[in-house]
Structure formats: structure tokens, C-alpha cells
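Enquirer: Each chain, written out:
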Amino acid sequence: MKIPAASLGLFLLLGACAAGQAERPVIASTMSAVQLRSIQSRTFDTTDRDQVLRGAIATLQHLGYAVIRVSPEAGSVTAVKKGRLRMTVSVYPRGTVQTVVRANALLPMGAGDTQIDDPLFYRNLFFEPLSQTLALAAMAAPEREDEAPMPAVPPDNPIRPAKVAAAQ
Amino acid sequence: MRIGQPPAEALQIRDFETRHLSGDERVLLAEATQVLQDLGYTITESSGPAGVLAASKHRDATEAGQVVGAIVVGVLFGAANMRWDTDQVIRVTLTTWPSAGAGLIRASTASPDVAMRISFERLIRNNKGEVRFEPLRDPGLQQQFFEKLNQSLAAQEHRL
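Taken in sequence, the protein lines are chains A and B.
Going by my numbering, 105 is the number at position 105 of the first sequence; the sequence numbering is gapless.
Going by my numbering, 133 is the number at position 133 of the second sequence; the sequence numbering is gapless.
Because the hints were derived from the structure by calculation, they are not lab data.
The beta-carbon is built from N, C-alpha and C at its ideal position, and this holds for glycine as well.
Please note: incorrect hints may appear among the correct ones.
[Claimed, not checked] Stretch-level coverage of chain A by chain B, calculated; a stretch enters the list once three of its residues show a Cβ under 8 Å from a Cβ in chain B:
1. 31-39
2. 51-59
3. 116-122
[Unchecked claim] Partial list, computed: chain A residues near chain B (C-beta under 8 Å):
4. Arg24
5. Ile27
6. Gly83
7. Arg84
8. Leu85
9. Thr88
Use the sequences and the hints to build the structure in full.
Expert: Below you can see the structure in the form of C-alpha cells.
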């Protein structure tokens with residue numbers, strides 16, 4: 001069966017979206033890791049990581065995102081809105097009674113994908129709806145930097161080397 | 001950051017995209033997978049523990065009326081202005097959630113065990129190679145899917 005070239009191109013484009021447009025360079029925020037973590041993370045008083053991950057997925061769908069990748073083992077989900085705005089959410093335990101949610105959003109601008117670092121974006125357009133979904137209050141991020149992983153971004157970008165260098 | 005805003009009437013959209021079903025969540029997800037495949041979709045992501053399915057399929061997007069309209073525009077304003085849709089990819093996000101869950105998902109206090117929500121959107125390309133995304137808000141899509149799912153579940157029950 002022959003696949004029309006136009007259809008193949010559209011599928012490849014969709015594939016690029018699904019793969020997170022990894023071929024595009026990521027333009028990292030100029031904020032410090034501590035500032036960025038504070039903006040992108042919230043803590044919830046629950047130990048049920050699966051429930052929080054499901055809540056994040058439900059929230060993304062409610063906000064109009066399409067889920068493209070999910071890994072319950074890693075506690076992460078990636079979703080795309082209108083083929084442009086890409087959000088990766090990771091969920092991980094903090095201590096014995098809390099769960100931390102970190103969201104990282106990228107938006108294509110010019111030749112690259114720009115990391116969104118607007119506090120209101122994360123607060124109003126993700127964490128508040130997530131808090132409603134979970135019926136739990138979203139609290140400030142953990143204080144210690146090593147408790148929060150860096151946001152998931154494609155390899156070979158300006159974010160990772162800095163963090164890796166700091167870790168090494 | 002308008003792109004991040006929730007869609008207008010998000011709660012109404014959630015209501016027509018969601019059904020409450022009885023049964024084991026994994027079984028419902030497996031049947032939903034079968035139904036999506038019956039409808040011609042390719043499964044692109046699947047996670048039982050997270051209650052998620054993602055799927056897509058290609059469709060011709062050419063409509064005679066749109067092409068005729070483009071020709072009229074071309075005659076009036078030049079061929080460079082002629083645009084019509086040529087093909088599209090429809091993308092599905094399906095999620096499940098135990099009905100006893102809290103918050104937005106809990107739309108019913110009735111007995112069913114699992115809430116299932118299915119959303120459709122499409123990526124459309126025109127004859128100029130320009131691409132746009134748009135959500136598909138026709139409740140008929142959900143109606144068709146859930147009818148087929150119910151038939152599939154009934155058939156499975158009959159087999160047992």
C-alpha cells in the first residue's frame with residue numbers, strides 16, 4: 001500500500017510534535033535554578049504519587065492538552081496544546097508524607113523552543129486547576145534544591161549542561 | 001499567555017466528553033483500545049497504570065465546497081490566494097479515572113466505577129502546506145465512540 005507523500009509529511013509533523021520537537025534548540029530561562037524550581041514546583045500533602053499523576057493528566061486534558069507520552073514508573077507525562085505549547089509534568093515523593101509536582105512548559109518562538117518562566121502561567125494555568133482536580137492545596141516548592149529534579153527537556157540543550165556540571 | 005488558557009466552556013466540554021462506566025479499569029482500557037482500532041486509529045501511547053490512551057489517524061480533508069470557494073477567490077484575487085484543506089490527522093486522548101476520585105473528574109455520584117473521558121483534535125494541512133490545529137467539539141464523535149464501546153463490552157460479556 002502506498003502512502004501519499006502529503007499524508008506522510010503530516011504524520012511526520014505529528015511525530016515531531018509527539019517526539020517533543022527534539023530537533024529544535026531549547027532556549028532556557030535565564031532565571032536561577034532556585035527561582036525556576038520555585039515557580040515550576042508545588043508540594044501536595046499526599047503520598048499517593050499515582051493519584052497525583054492521574055490528577056496531572058486529567059488537568060492537562062481539561063486545559064485542552066493532548067497527551068503524547070506518559071510514564072507511570074517515572075511519574076511523568078508530556079502533553080501538547082494546539083501543536084505548540086508543550087508541557088512536561090513530573091511527580092515525585094518528598095519525605096514520607098508529601099508529593100512534589102514539577103511542570104515545565106516550552107513554547108516555539110523563532111528558531112527554538114523557549115522555556116516559559118512566568119510564575120502566573122504555572123500558578124493560574126496549571127497548579128490551581130491541578131489543586132482543584134486533586135482537591136488538595138498546592139504549597140510552595142521544597143527548599144532544598146537537590147530534592148527537585150531538573151525539568152525534562154530534549155538532550156543537547158543549554159539547560160542540561162549547567163545542571164549536569166553543577167551535579168558533577 | 002493566551003495559548004495556556006483553558007478552553008471556553010471547559011466544564012461543558014468535560015461533561016460531553018466523559019462517561020461513567022461499570023467494570024474493571026484495565027478491561028475498559030483494553031476494550032477502548034479495540035474500539036479505537038476498529039475506528040481506524042493507530043495507538044501511539046498506552047498506559048494502564050496511568051489510565052491513558054493516545055491514538056491518531058489520517059483522513060482526507062478536502063471538501064468540494066471549500067475548493068469551489070477557493071477557486072472563486074482565485075478568480076477574484078489571484079491564484080496565490082487560493083487555499084483549501086488537503087489532509088488531516090485526527091488525534092485522540094483518552095483517560096480513565098476511578099469514579100471515587102476527587103475533584104474535576106468526579107461528575108457523578110452514581111454507582112459506576114470508572115470515569116472515561118475522550119477528547120479529539122485535528123491537525124489540518126492546506127494546499128499551501130500551512131498547518132493548523134483545532135479541537136473537535138462535535139459531541140457526535142464521543143457518542144459514536146461510547147456506543148461502540150458499549151457494544152464491544154456487551155459482546156465481551158456475552159462471550160463470557
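Enquirer: Hint by hint, note whether the structure agrees.
Expert: Taking the hints in turn, this is what the structure says about them:
1. Counting residues of the stretch 31-39 of chain A whose C-beta lies closer than 8 Å to any C-beta of chain B gives 0; at least three are required, and the coverage claim is violated.
2. Given as covered by chain B, the stretch 51-59 of chain A passes the check, having 7 residues with a CB less than 8 Å from a CB of that chain where 3 are the minimum.
3. Figure legend: the stretch 116-122 of chain A, annotated as covered by chain B; annotation consistent (4 residues with Cβ-Cβ distances under 8 Å, at least 3 required).
4. The interface hint given for Arg24(A) is broken, as the beta carbon of that residue sits about 15 Å from the closest beta carbon of chain B, more than 8 Å.
5. Look at Ile27(A): its Cβ only gets to about 16 Å from chain B, farther than 8 Å, so that hint breaks.
6. Hint status for Gly83(A) relative to chain B: holds, with the closest Cβ pair at about 4 Å, below 8 Å.
7. Given hint, Arg84(A) at the interface with chain B, holds; its Cβ is 6 Å from that chain's nearest Cβ, closer than 8 Å.
8. A distance limit of 8 Å between C-beta atoms decides the matter here; for Leu85(A) the minimum to chain B is near 5 Å, and the interface restraint holds.
9. Interface hint status for Thr88(A): violated, as the beta-carbon distance to the closest one in chain B is roughly 14 Å, over 8 Å.
Hint violations for this structure: numbers 1, 4, 5, 9, all remaining hints satisfied.
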